[in-house]
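Trainee: Construct all of the structure, not just a fragment, from the sequences and the given hints.
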Amino acid sequence: MKGYYFITGIDTGVGKTYVTAGLLRVLSDAGLKALAVKPVQTGCKEKSGSLIPDDPVEYARLNASHFPNGYPDACCRRFVPACSPHLAAQMAGEHIHLDELVHEISAKGEGYDIVLVEGAGGVSVPLNDKHTMLDLMQRLDCPVIIVADNKLGMINHTLMTIESVRNRGLDVAGVIINSTTPCIEDAALRDDNIAAIAHHGDVTVLADIPFRSNQHERDEQLIQRLSPVIDTLVPEVDSHEENLIFDRDHLWHPYTSAVNPLPAVKVRSTRGTRIILDDGRELIDGMASWWCAIHGYGHPVLERALHRQAGRMSHVMFGGLTHNPAVELGRRLVSMTPDGLDHVFLADSGSVSVEVAIKMAMQYMQADGQPNRTRLLTVRGGYHGDTCGAMSVCDPENGMHHLFSDLLPSQLFAPRPSCRFDAPFDPASLQEITRILDAHSHEMAAIIIEPIVQGAGGMRFYHPDYLRGLRQLADAHGVLLILDEIATGFGRTGKLFGCDWAGVAPDIMCVGKALSGGMMTLAATLATRQVARTVSKNGDVFMHGPTFMGNPLACAVSNASLDLLEQSDWQPKVHAIETWLEEAFSPCRHLPGVNDVRILGAIGVVEMSDPVYVPRLQKFFIENNIWLRPFGKLIYAMPPYIISREEVAHIGEVVAQAITQKQYTK
Numbered sequence: 001m002k003g004y005y006f007i008t009g010i011d012t013g014v015g016k017t018y019v020t021a022g023l024l025r026v027l028s029d030a031g032l033k034a035l036a037v038k039p040v041q042t043g044c045k046e047k048s049g050s051l052i053p054d055d056p057v058e059y060a061r062l063n064a065s066h067f068p069n070g071y072p073d074a075c076c077r078r079f080v081p082a083c084s085p086h087l088a089a090q091m092a093g094e095h096i097h098l099d100e101l102v103h104e105i106s107a108k109g110e111g112y113d114i115v116l117v118e119g120a121g122g123v124s125v126p127l128n129d130k131h132t133m134l135d136l137m138q139r140l141d142c143p144v145i146i147v148a149d150n151k152l153g154m155i156n157h158t159l160m161t162i163e164s165v166r167n168r169g170l171d172v173a174g175v176i177i178n179s180t181t182p183c184i185e186d187a188a189l190r191d192d193n194i195a196a197i198a199h200h201g202d203v204t205v206l207a208d209i210p211f212r213s214n215q216h217e218r219d220e221q222l223i224q225r226l227s228p229v230i231d232t233l234v235p236e237v238d239s240h241e242e243n244l245i246f247d248r249d250h251l252w253h254p255y256t257s258a259v260n261p262l263p264a265v266k267v268r269s270t271r272g273t274r275i276i277l278d279d280g281r282e283l284i285d286g287m288a289s290w291w292c293a294i295h296g297y298g299h300p301v302l303e304r305a306l307h308r309q310a311g312r313m314s315h316v317m318f319g320g321l322t323h324n325p326a327v328e329l330g331r332r333l334v335s336m337t338p339d340g341l342d343h344v345f346l347a348d349s350g351s352v353s354v355e356v357a358i359k360m361a362m363q364y365m366q367a368d369g370q371p372n373r374t375r376l377l378t379v380r381g382g383y384h385g386d387t388c389g390a391m392s393v394c395d396p397e398n399g400m401h402h403l404f405s406d407l408l409p410s411q412l413f414a415p416r417p418s419c420r421f422d423a424p425f426d427p428a429s430l431q432e433i434t435r436i437l438d439a440h441s442h443e444m445a446a447i448i449i450e451p452i453v454q455g456a457g458g459m460r461f462y463h464p465d466y467l468r469g470l471r472q473l474a475d476a477h478g479v480l481l482i483l484d485e486i487a488t489g490f491g492r493t494g495k496l497f498g499c500d501w502a503g504v505a506p507d508i509m510c511v512g513k514a515l516s517g518g519m520m521t522l523a524a525t526l527a528t529r530q531v532a533r534t535v536s537k538n539g540d541v542f543m544h545g546p547t548f549m550g551n552p553l554a555c556a557v558s559n560a561s562l563d564l565l566e567q568s569d570w571q572p573k574v575h576a577i578e579t580w581l582e583e584a585f586s587p588c589r590h591l592p593g594v595n596d597v598r599i600l601g602a603i604g605v606v607e608m609s610d611p612v613y614v615p616r617l618q619k620f621f622i623e624n625n626i627w628l629r630p631f632g633k634l635i636y637a638m639p640p641y642i643i644s645r646e647e648v649a650h651i652g653e654v655v656a657q658a659i660t661q662k663q664y665t666k
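Numbering (the UniProt record's numbering), first residue to last: 1 to 666.
What the hints contain is simulated information worked out from the structure, not anything from laboratory work.
There may be inaccurate statements among the hints.
[Stated by the list, open to error] Distance ranges between label pairs, derived from CB positions:
id, residue 1, residue 2, range
1, G539, A649, 17 to 23 Å
2, P415, D279, 34 to 40 Å
3, D426, S314, 49 to 55 Å
4, L152, Q567, 38 to 44 Å
5, R281, G340, 47 to 53 Å
6, G340, S410, 26 to 32 Å
7, P424, L244, 47 to 53 Å
8, R166, K2, 17 to 23 Å
9, P611, Q567, 58 to 64 Å
10, H442, P415, 19 to 25 Å
Every residue, glycine too, gets a C-beta built ideally from N, C-alpha and C.
Mentor: The following block contains the structure:
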């Protein structure tokens, strides 16, 4: 929030209210329109039918000429008991709602140059049973000024506070030392404490206010020492537009032109199901950041796993070395994937995991004495990634990679599965792929397919019996079956993996996206013991080794993400989202221009008759506080599993409005 500063202390009783009142006086003397907001004030007394701070005299004295009503200017919540905010609210029969508090602070701050938000106690003081002052700071997303009392233990408490604030992604604007007692009278010791904080905390000490027993001298000294802080607090000229111009002119975004790119909006932060833009608007994220952020954003379990692992080891090469996060992740994947997938190769991204799977299939055939089996069979309408091997098995004509046809290996393509998931299975849908196998199995290494859902190739859902048929055909012809579960894995379709709908196990499986809960880039390729042992026959090695293979940070976060998935009753949640998506998107079935509406698990698709005009549609979605990323003829949602019924309903309403108002046309 531009022009906002959060004032916190290393503990209660360090004088942060006194410092905030002094800052307010100094800012106002400098001609700035400043406001002090106290989100929660405890220890109040009743006066003339309202609650006021118990002893406002000291602060009113500092500001009498500027603030006739005394300090602070604004309080959001006042309570009589002098205790922690959550307990004071509880004793008053109330509950402090974080969202309401944030909106109220923002409303009070309208029209001011600088707003000082003064917290209660230290950073970890509870506001309610879920949130602390740190959560409020994070939601306000403004720089933090820390007030410390120069006494025994000050260095420790100040450094811990600095670390807590920074771990929430917030900037520490500086530390103000306010000595409330003559505890440390030795000047050298005082200076050493201050130097230690500046050095070990890598922070600016904005002011040092020594103790004075004379109140007038103390006030004069406070104002004198705080006056130079103004230069630090005055908001800088907003570089928002400048940054967007640089982004447009220099940063190449995915699937867009370098000279005429699709417009990009600037994101300030994320939380839960929300993307918060730089101007403060909040968008409901219906995409889970390309389907990976299944637990939403900023989940404390994932953040703790990341911080904890970063404190031990961020990265170490995986060649000749190993570590517990990788071992644990391998153990988890072997236990939760279909039976027989006993070997795990950790990769950097989904596309790389597909490359690994293809190379495994090729080496398998080489080691098995079938060197002529070098081609892959897949279906049209598929998408497997943007690297060369992966591109070769994406749709060759209607996909995104036809420009590279001369570069890519020539693979075999069968018609896309014609058997809808929600219709009776027609065995005739397997006829053409059976014919191709009969004619070409002697040159074929593997069949590769996305199970049940063709993702970026068109969001089509096909019948589980088709996948069962492929498993039987692969076995009959001695070819491997590779299942690309990057988009469908970890609950997205309503089953843990897409192949679970058919009850089949592949020879090789690729997983990614939701594996790490959207926190880090990580994927894996799993293979059966037969595949691994054949590839490694005669002491041969598998020829692949990414630099960041088995990255400890990514592995640790992925373990935490899988813990959350297993402990969160994900299946009922996904089934509920399926019901909500059906409710939300069903009205679109009857709208002009709509070709089909289909829902499976936490996937909702509105297919239009003609391609949509993305720039206009994207703008409309943002104006109506949702984030969807349509492509081709598709307007679709694949939200986080923590999304609410109301949020899904709002997405459906906005999509229906966009279609009714023809916001999808040029």
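Trainee: Given a hint of 47 to 53 Å, does the C-beta separation of R281 and G340 actually sit inside it?
Mentor: For G340 against R281, whose Cβ atoms are near 49 Å apart, the range 47 to 53 Å holds.
Trainee: Given the hint of 47 to 53 Å, is the C-beta distance from P424 to L244 inside that range or not?
Mentor: 52 Å, holds
Trainee: Does the beta carbon distance between P415 and D279 stay inside 34 to 40 Å, or does it fall outside?
Mentor: 48 Å, violated
Trainee: When you take the CB atoms of D426 and S314, is the distance between them in 49 to 55 Å?
Mentor: 52 Å, holds
Trainee: Quick check: does the Cβ-Cβ distance between G340 and S410 fall within 26 to 32 Å?
Mentor: 31 Å, holds
Trainee: Is 17 to 23 Å respected by the C-beta to C-beta distance linking R166 and K2?
Mentor: 20 Å, holds
Trainee: Has the hinted range 19 to 25 Å been met by the Cβ atoms of H442 and P415?
Mentor: For H442 and P415 the Cβ distance comes to about 22 Å; the hint holds.
Trainee: Against the range 17 to 23 Å, how does the distance between the Cβ atoms of G539 and A649 compare: consistent or not?
Mentor: 60 Å, violated
Trainee: Against the range 58 to 64 Å, how does the distance between the Cβ atoms of P611 and Q567 compare: consistent or not?
Mentor: Cβ of P611 to Cβ of Q567: about 42 Å, so the range 58 to 64 Å is violated.
Trainee: Can you let me know if the beta-carbon spacing of L152 and Q567 is within 38 to 44 Å?
Mentor: For L152 and Q567 the Cβ distance comes to about 43 Å; the hint holds.
In the structure shown, a violation is registered for the earlier hints numbered 1, 2, 9, in ascending order.
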